Amino acid sequence: MKTTLADLVDTLGSSLHSYVAAAGVWSFPGDEAIKLAIVDLVDDQRSLADRAGRLLAERGETPPSPVFPIRYTATHDVDLGAMLPRVLDGLRRQIGRLQRLVDAGGAAGEIELVLEAREASLQHADVLEELARGGRSGAKAPATAP
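Heads up: the sequence shown begins at 1 in the numbering used here, then just goes up one per residue.
Treat the hints as calculated values from the structure; they're not laboratory data. Hints may be right or wrong, so weigh each one.
Unchecked claim - Have a look at the derived ranges for each label pair, beta carbon to beta carbon: (1) His76 with Gly109: 37 to 45 Å; (2) Pro69 with Glu130: 36 to 44 Å; (3) Arg71 with Asp43: 30 to 38 Å; (4) Glu119 with Arg54: 28 to 36 Å; (5) Gly135 with Gly105: 19 to 27 Å; (6) Gly30 with Arg71: 21 to 29 Å.
It should be emphasised that the depicted structure is a prediction, and the values quoted were computed from it without experimental measurement. Ideal Cβ positions, reconstructed from N, Cα and C, are used throughout, including at glycine.
Construct the complete structure from the given sequences, taking the supplied hints into account.
Below, the structure written as structure tokens:
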């Protein structure tokens, strides 16, 4: 059975938005706000996953290495604006998964990290939803503490 921290690393690391940032998907001019919002989201989530990985390593456990589904490779030639609804759907599912981890309980420090990940993800979802509505939100979601 996976630990809460291992589940957190997997949940944060194998998302479509993580893939978009890692793969360097090309975007049309004008999609910069979307691209920057996705990069901000992934940077915050990567920081949280790294913290969870360090806690696992301190316990002598090997942190998981999240993998991306092969279907993500079909996104390379898709406009980021057109892909934004899929990114948001995946982010909402991810937030739901984080809530289920909280509901399942666990050690206080682990649950606090999951709650931090959920709250940061909700804030980033607000920014991305504004962009999906056609706004050009210059607001950045707050970065998480290291």
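Status of the hints after comparison with the structure:
Checking the proposed 37 to 45 Å range against His76 and Gly109 shows it holds: the Cβ atoms sit about 39 Å from each other. For the hinted restraint 36 to 44 Å between Pro69 and Glu130, the CB-CB distance of approximately 27 Å leaves it violated. Restraint check, Arg71 to Asp43: a C-beta distance of roughly 24 Å breaks the suggested window 30 to 38 Å. Here the CB-CB span from Glu119 to Arg54 is close to 20 Å, at odds with the stated 28 to 36 Å.
Evaluation of the 19 to 27 Å hint for Gly135 and Gly105 yields a failure: the beta carbon distance comes to about 38 Å. A C-beta distance of roughly 26 Å is found between Gly30 and Arg71, which places it inside the suggested range of 21 to 29 Å.
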